[in-house]
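Undergrad: Chain S: place on chain Y using the hints.
Number of protein chains: 2
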Amino acid sequence: MEVPVGTVLLEAAHKAGIYLSSICGGDGYCGKCKVIVDAGQFHTHPTTLLTQDEIRRDIVLACQTTVLSDMTVTVPKSHTLETTQILMDSDAHRFSELPGEARAGLFKFDPKVKKIYVEMSPPTIHNHTADHERLYVAIREQVDAPIMQTGFRILQKLSAVMQASGYKVTATIGRRGECTELIEIEAGDQHARNYAVAVDLGTTTVVAHLMDLTAAKTIDTEATYNSQINFGEDYIRRIIYAEENDAFEEMQDRLVNDINNLVVTLASRKRVDLQDITTVVCAGNTAMVHFLLNLDPRRIRREPYIASASFVPPIRAAEVGIQINKRGLLYCLPSVAAYVGSDIVAGVLTTRMYTKKGISLFADIGTNGEVVLGNKEWLVCASSSAGPAFEGSGIKYGMRAGAGAIEKLTIHNNGTAEYRTIAETHPVGICGSGLLDTLAGLFTHGIIDRTGRFADGQSAVNEGDEGNQFVLVPASDGHNEIVITQADINNLVRSKAGVFAAIRVLMESTQTTLDDLDAVYLAGGFGNFLDVKNAVTIGMLPDVPTEKIKFVGNTAIAGAKTVLLSRQAMRTAEHIAGSMTYFDLMSHPGYMDEFIRAGFLPHTDLSLFPSVAGAATNHV
Amino acid sequence: MEVPVGTVLLEAAHKAGIYLSSICGGDGYCGKCKVIVDAGQFHTHPTTLLTQDEIRRDIVLACQTTVLSDMTVTVPKSHTLETTQILMDSDAHRFSELPGEARAGLFKFDPKVKKIYVEMSPPTIHNHTADHERLYVAIREQVDAPIMQTGFRILQKLSAVMQASGYKVTATIGRRGECTELIEIEAGDQHARNYAVAVDLGTTTVVAHLMDLTAAKTIDTEATYNSQINFGEDYIRRIIYAEENDAFEEMQDRLVNDINNLVVTLASRKRVDLQDITTVVCAGNTAMVHFLLNLDPRRIRREPYIASASFVPPIRAAEVGIQINKRGLLYCLPSVAAYVGSDIVAGVLTTRMYTKKGISLFADIGTNGEVVLGNKEWLVCASSSAGPAFEGSGIKYGMRAGAGAIEKLTIHNNGTAEYRTIAETHPVGICGSGLLDTLAGLFTHGIIDRTGRFADGQSAVNEGDEGNQFVLVPASDGHNEIVITQADINNLVRSKAGVFAAIRVLMESTQTTLDDLDAVYLAGGFGNFLDVKNAVTIGMLPDVPTEKIKFVGNTAIAGAKTVLLSRQAMRTAEHIAGSMTYFDLMSHPGYMDEFIRAGFLPHTDLSLFPSVAGAATNHV
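Taken in sequence, the protein lines are chains Y and S.
Per my numbering, residue 106 is the first one in the first sequence, and the count goes up by one each step.
Per my numbering, residue 106 is the first one in the second sequence, and the count goes up by one each step.
One chain only, chain Y, in its complex shape (with noise of 0.2 Å):
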């Protein structure tokens, strides 16, 4: 790979297609693009964020480099990302088989694209309606489709088809709101083959279900990296880079490519034609969203913090450059507001807590933190810009779930620690619920106190490069330690406590009390291992009892896919996107001292945490 003198070492990875993690958008303070250098001469910025044994190895920040002269460079494998390598199936399946699926019979079957086989009487002297009104009629017999709309191309290629096929054709009708239009037609019956394809396009990992329509059934899923993530780790971020670059189309390229990616990978795993696929649902942040159909997303960030389109109509999937049929259709399901997206509408369709007389509370933690509360009478959400340290970001060995990651950890009396890592390998990292697990651990037994401070005193705790650390995993034959770092610790609280800040406020703004709440549902990439006991010791989650909290996975994909089966779903997605209240948190007067007051374990306020004020009261 030749690039000119003085280019950045980002750029230059970038280009020989490796894709570096980056939290900040290449601005030189999240310290995660580490390379070693292994030959050649280079300038480097000066940084805070290297270790004096890192510099001594040759470690640079990938982002602060500029190349001189023939360089090697050896990028660690744990800070990778591949983004055209599609993620294992073990991954994928972890996001497929978790409670949050989509359920059976709550909407009529009904898909958002549909193939009719239409067998019509011939025009004859006597029965001379004309082709494209006679097949109206028949797929009417079939349908119910009052307003009927077809394209200039079908139109001009649908006499010769019912000709040809001596009348005998299959129709592809898509609904778009409360028109139905002509999107395909074929000669013959080829109604059996109608694929689909949902999809959650989260920050960090855009998510592929494919489906088939006629036995309206997920016949496989797949995952990959949002390889827009070199950008900035979070949305923010990457609009910054995209303004400041120019790059709106590349970001939108990119998003495209990772979908194009997952749709061949099932398509040819399961060898459906890509022109039988006629439908993509999208499910996903109003930033994604925007993104993926280069809108302007530049006020999402700015005041006044609003989307160029919430109700995003259904479009052609080809006008982005989605590879299936080329007349199918793309469909985002609604959102709220800039930042509470159609993946909290999909989460709140798929909890089916607007159905419901009790009040429940719906959390979604994963770049973002979003909440919904509500029943069948009323819904409010909103958004705290906590941060993605559950997803592992700015933790220092914080990563996302993947191979080797700890997703589950108990702390010993003795301040050992017992883990699980995920494919059962030698740890790597930790993910979100071996994070929340660790906080929990470490507070319950007293080795942090309630401000998350390292209590004195602590055998467990040494001082590292970073400061006071409480070492997770020992350092092994060739295996560094993994420890979690008080700055670590700091992240996390800080996060959990935008989370439960946003709760608060909710709960306050609609005099919600603890006991008014039937249900609490977690949603986001935590996995199936995550206790939800330790979201509420933490001051994550409101203190109920813990048979109220369900982990319902991944929402989003869920309700993406029951909104590909029904259109009802989607009308019932659009009434709830149109009902939602939304609080602004920013402008909100009290959020700011219920952030304050959440930024202690579990809470400067013992009486909101019955069940944990025991373990709270001892180390005070």
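Just to be clear, a hint being listed does not mean it is correct.
Quick look at which bits of chain Y chain S covers, simulated, 3 or more residues with Cβ under 8 Å [to be verified]: (1) 225-233; (2) 418-430; (3) 680-693.
Now the stretches of chain Y that chain S is said to cover, found in silico as 3 or more residues with beta-carbon under 8 Å [claimed, not checked]: (4) 258-267; (5) 272-285; (6) 644-652.
Keeping only pairs whose Cα atoms sit at most 25 Å apart, straight-line, the calculated BS3-like set for lysine-lysine is [stated by the list, open to error]: (7) Y:K431 to S:K431; (8) Y:K461 to Y:K655; (9) S:K513 to Y:K262; (10) Y:K431 to S:K262; (11) Y:K213 to Y:K462; (12) S:K513 to S:K638; (13) S:K462 to S:K322; (14) S:K653 to S:K462; (15) Y:K462 to Y:K431.
Keep in mind that the hints were calculated from the coordinates and are not lab data.
We put the beta carbon where it would ideally sit given N, CA and C, even for glycine.
TA: Frame of chain Y, contents of chain S only:
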């Protein structure tokens, strides 16, 4: 112009941009493509269509002649159709000042495509509706648009336009049936710049009216020959030509080119920006609409005689190549059947016969002869394959209504003819109204008998190249004589017989008597000097009191304009087209008998024409 040896002269002329008149599509039997060879070698097939004198003067049929060397050829002026030449203003005027004009107030003014100026409150933190939905709300405050759609390109740009304009924009909305599409968004108030073109897609003439959609008025009119004409004067010939030569695209190109010529001429004359023309509405026979859209027209001429589409959905005008705003919409009025097109529906709409208690008859005598009978309860229709004799086709000195055409003619008792020509030039031929006068005059003066044959012993009748003929205009210094031949008369009688037989079938089938007829509407390019009484005298129209017969002119353009200005009118047109009962005359058991009975002047059964019977019995 270079062409290979062996090229057919008609084709060579065409390549040189000279369009010769041709009814038969180059099959050598219409005799309309006569040219004079001034120099050069050629080969020509023997033909009975040239007189000895013509052959001596090196006149050939261009379609039967192949080029063998360099040639110089003169095209007789009266036989040229210069398709790129727009008809003179006076001709266009003929089409605009007719009583069939769209009348204000009959339908609610509510154009198919509207520009609406909307001022919105810019978003704030407390009013965070997304731009797309904000615009929808604002549009819906002004217009009834429950179902809205936005194309992807507009969705992508709307935020930028809204922001740049301070949320003061002009939205262009187009109605697609029950759906309303946001087709354009512009900064600031542009609502007054909204223009449309109504088009009458005639087989012979294409007429366009430029309308100001804000002021709801016609601002200019223009007409041109349909430049498909050298592939055949009637559309059946053109379909055959297109099928044999795979020339469907060329057919479309020519028609689109004609429309573009008209649109550009009108727009430049009135200094209207093409981008501000948002709508085109077309009315025409079913074949012309199929050619325009490149829909398969082949079964229009073959069993089962059906259209590919009768109710054509709105499409983007740019999709067929019409050069208005690239997102502007093209609407076609609905048609009834292969031989009863949207021009006839426009006629019914314009005459308002569908609203009346009494029964009306509508007859459109153009290249074909379509008739509609009915009232507000029922409508029946049929098409006679009478041929375009009254458009001058198949008539030795027949011509379209243009400069030099005899449009009014009276035969005096002494056998001389008094006439009036269009543009008051020396006569070069006879157009429809003149032919009607001629036939009626010859009959009432006993110059022809009830069978249409020249009576014996008429001094004004002489023997011409083609048998007996009547001299209408004697030869004079440099001008040919103008005659009407026995063959001409036979053609005209066949043509009127076709129309009347169709009327009879409809009246008999619905048990409508002469007395039941409240009104007879005659449409077509006859011009204002049409003597409607003569249409009864020759037995083309039923014998009702003259005051009941109204010449309504070009109802196709009038209907297109009405629809342009009112969604309600389009819905009415759809209702008319959907409820009209079509009689296929070719398969109708009584039609042939009626046709034979109508082959006399005025008819075999004189009791049907009491007002004419006196004249008729004088010279049986």
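Undergrad: If a hint holds in the structure, say so; if it doesn't, say that too.
TA: Now for the hints, and whether the structure bears them out:
1. 225-233: holds (count 7)
2. 418-430: Since 5 is at least three, the answer is holds.
3. 680-693: Coverage by chain S holds here, the residue count being 4 at a Cβ distance below 8 Å.
4. 258-267: Held - the region 258-267 of chain Y has 5 residues with a Cβ nearer than 8 Å to chain S, which meets the minimum of three.
5. 272-285: holds (count 4)
6. 644-652: This one is violated; 0 residues, fewer than the three required, reach chain S with a Cβ under 8 Å.
7. Y:K431 to S:K431: holds, 22 Å
8. Y:K461 to Y:K655: holds, 15 Å
9. S:K513 to Y:K262: Given that 25 Å is the threshold and the Cα spacing comes to 47 Å, the pair is violated.
10. Y:K431 to S:K262: holds, 23 Å
11. Y:K213 to Y:K462: holds, 22 Å
12. S:K513 to S:K638: holds, 13 Å
13. S:K462 to S:K322: With a Cα-Cα distance of about 30 Å, the restraint between K462 (chain S) and K322 (chain S) is violated, given a limit of 25 Å.
14. S:K653 to S:K462: Roughly 15 Å between the alpha carbons, so the hint for K653 (chain S) and K462 (chain S) holds.
15. Y:K462 to Y:K431: violated, 44 Å
Hints 6, 9, 13, 15 from the earlier list are contradicted by this structure; the remaining hints agree with it.
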